[in-house]
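Quick note, the sequences are listed as chains A and B, same order.
For the first sequence, the positions run 22 to 547 when the numbering used here is used.
For the second sequence, the positions run 2 to 456 when the numbering used here is used.
All the pointers check out, no bait thrown in.
Taking lysine-lysine pairs in the DSS-like style, the calculated list, with each CA pair at most 27 Å apart, reads:
#, chain 1, residue 1, chain 2, residue 2
1, A, K88, A, K61
2, A, K170, A, K349
3, B, K291, A, K88
4, A, K532, B, K291
5, B, K410, A, K135
Here are some chain B residues the structure puts well away from chain A; computed CB gaps all over 10 Å:
#, residue
6, V184
7, L206
8, A448
9, A456
None of these hints come from the bench; they were simulated from the model.
C-beta atoms are modelled at their ideal positions from N, C-alpha and C, and glycine is treated no differently.
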Amino acid sequence: MSMNRQGRESGVGDGAAAEGFETYTGNRGLQLEEPLIFEKGAPDRFGVDLPAGPKIASRLGGLDRHKPIGLYGLSEPETVRHYTRLSRQNYAIDMGLFPLGSCTMKHNPRLNEKMARLPGFGDIHPLQPVDTVQGALALIHLVGEWLCKLTGMPGVAISPKAGAHGELCGMLAIRAAHDARGESRKLVLVPESAHGTNPATAAFCGYEVVGIPANERGRVDLEALKAKLGPDVAAVMITNPNTCGLFEPDMIEISEAVHAAGAFVYCDGANFNAIVGRVRPGDLGVDAMHINLHKTFSTPHGGGGPGSGPVVFSEALMPFAPLPFVRKTGEHFELVEEEQAHASTDHNESFGRMVAFHGQMGMFVRAAAYMLSHGADGLRQVAEDAVLNANYLLASLKDVMSAPFGDTGPCMHEALFSDDFLGGTGITTLDIAKALIDEGYHPMTMYFPLVVHGAMLVEPTETESKSTLDQFINSLRGLALLAKSGDDRRFKGAPFLAPRRRLDETAAARKPVLSWREPAQRQAAE
Amino acid sequence: MRYLPLTAADRRDMLATIGASSIDDLFSDVPAAARLAGPIAGLSNHMSEMEVERLLTGLSRQNLPASEMPFFVGCGAYKHHVPASVDHLIQRGEFLTSYTPYQPEIAQGTLQVLFEFQTQVARLTGMDVANASMYDGSTATTEAIFMARRITRRTKAIVSAGLHPHYVSAAKTLTRFTEDELVCGEPKLTAGAPGDDLDWILSQLDEQTSCVVVQNPNLFGHVADLTDLAAACHAKGALLVVAFTEVVSLGAIRSPGEMGADIVVGEGQSIGNGLNFGGPYLGLFATRDKYVRQMPGRLCGETVDAEGRRGFVLTLSTREQHIRREKATSNICTNSGLCALAFTIHMTLLGEEGLRRLAALNHARAVQTAERLAQVPGIEVLNGAFFNEFTIRLSKQARPVVRELAERKLLAGVSLGRLYPGVPELENGLVLAATETVSDDDIEALARGFAEVLA
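Could you put the whole structure together from the sequences, leaning on the hints where they help?
And the structure:
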């Protein structure tokens, strides 16, 4: 029993009446069902009025599109309602804790959105004369300068569009640097705990991937790594803090050994949030590192992008960095593209262009607003609070869950649990995750990293309050104890309270339906 | 700091729970040599919202926005009017601040949008299936070359001179260390069909060819019928990849699918998304049903939940890096989810009829612009067939002309000298785009500006 604000007694009710009937609409109060636009719209319905154009004779060369395209439209009120109703079927950071390990789901400040929409940033064309976009180039330069100072690295490539694209940028520079020395090294060492993008990227650059095992403390095994170094190794791709949420204490020795073997250190910067303002990767011997602006610098994840993955480089790799980039000469900003690079002596070894234009300007503006808001002092506090929050979770949960590295010292920005505590219950990591959905949370990252069984990786971030964490801890402790008691009713078949019950992913993959077809077409296909 | 909820008392209590005496204890794994004692020097400290706004607004004012002057710049990014409701809806926190839909039970909003998006893109391009988006048009084009290699097990890709030179550069960079071999055409300002090199492509096409990549409309705005090229490709066992930079064109000209394309890729920025100085943009990628398992990127598919209700999930993920690691079809993880949402909402507002009207208006404005410029001494309009973009040859080098016109607050287009530095025969070329945002007055101002600068 709880009290509402008027002081009258309120309660949740027994719910029996509500469970007893089905509604005519399929809706359940505020939980609204919504068909596809193809089921509610029509080809001749629209929500955009256009002015009449001039009368002209067509110059399409007789290639006019005559056949129906098959698009369905809605009026503006219907469109607004359709997408508003769909939005309500999503969980989001704006609604609550989103402790998805390795993804850094922190608050997205709305100032950043406002700044990115200033006409001087949002409404300029990438191929306008550079004299008409000096402020935009100044902004890119500003972001680059902050990234360099925060990482202790001398140079930055701005154009990569996401983390994996940044990895590619870094590895292409490494490959180009070896080629320039006339060396053809074949191997890249990647710890077993790495993100899947790391080996995929190395393979893309023509390298063979060799795994490095973790030691019993969840860190890279320094001796095993040294044993694998040799004249055929081009680079080590390492994540620090690593995907177990632990700092690599041997990082400086690792870098020294890698450099001594003539190879480069690529650092996956996905977990930079844990150390921003407290540790500079340049001081650890890193040669290249991408920075996910959509993680550490809080550009919104948007349901799966857009991201942005600028890469910082050491002196050794700078000459090979991709085009274009921004150069400041006096008070003037220059956009160095193919032409200027060929003409200069310091950048004519660039490995080339990775994308059509200059990277994710919209994300640079948001990141700039975020950096300036926090400042050097605030960013340091970001890392401290992110690490504090994760350790608080770890300390508050490790007696009821199993923390495989919980006794090896503090974690960084995320706490890793395994499914050992579920042993013999028949309840799995997936079940725990789905039960958390019923508690009103987005689950943690499941089954990653691969180095522990049934991994649950929890990253609270610094933008969560202590009371939010306490409620989450309380909920997760309750679930863990319930699971261990052998009572699986809350777990098997969860979630029970989400817009959908568990979805059949096997059926989706066996017979893929990837676009809507008119019912007649669909029947004919079956 | 306004974004950090912990108070000093919270921090103290939490450290006590952890059993640490200070925050420094939590960073004890960091080697002593790499520990920073205080905030990093040379960077400002935290600022109020008001101060940040003042600083960034100041920078933004040093740029000339497209809507403040007659604007004819295209070549891969286009100025279109985006309805206000699009930007409102994509800023709903449930869309803006959600993650990739890995937990489908609480991400049906994003997933249903992706399913609608995939359907719209498949229909626009005349293909069977589309993925849930890529970074941009250039990276989508390169991924198409890789996909063609996987399907045909051949490595030679013929790249038309009409493909955007930045797309060509990106493809060259990304194939540098793969087994792909790019054979690239050289652009010519042929009167009537600038950038068209169908004959050269046919001369290169052979049994080793994995794919032919053409852009339609091409960089120079030329529109071509690709039906015969598709047949020639298929006769040699090669695939036809058709790229586009202006997705609105698909509302007016015959779809690549209708012309026989096997993979269609392009830039979707024009619908729902602003210019943003080059990004974030929206890569579109579509193909035929039979090739779906070789497709890169995320895919959303329909299924049912435990109670038999329709729902959507990410599917066929065994192609992807988080499962396949070094054997994945692509290293791509993040895509352009929010840009795809903006596209889908705008396309829903347009519907079939609205898109056709929008495309017709774009074409009408471009024809009007071309016909007016053709009257200016010193300008030769090179295109026969075009959509909303065309190429002119000036009586002098185009780059300084563009700069001079910019000083008069006229953004006249993209000089080919900027896109193809060091190619003398292209130096007088200029590509202009005219969209629905162009007015009669803009066209008149442009024509007069040219007349003065070329005089």
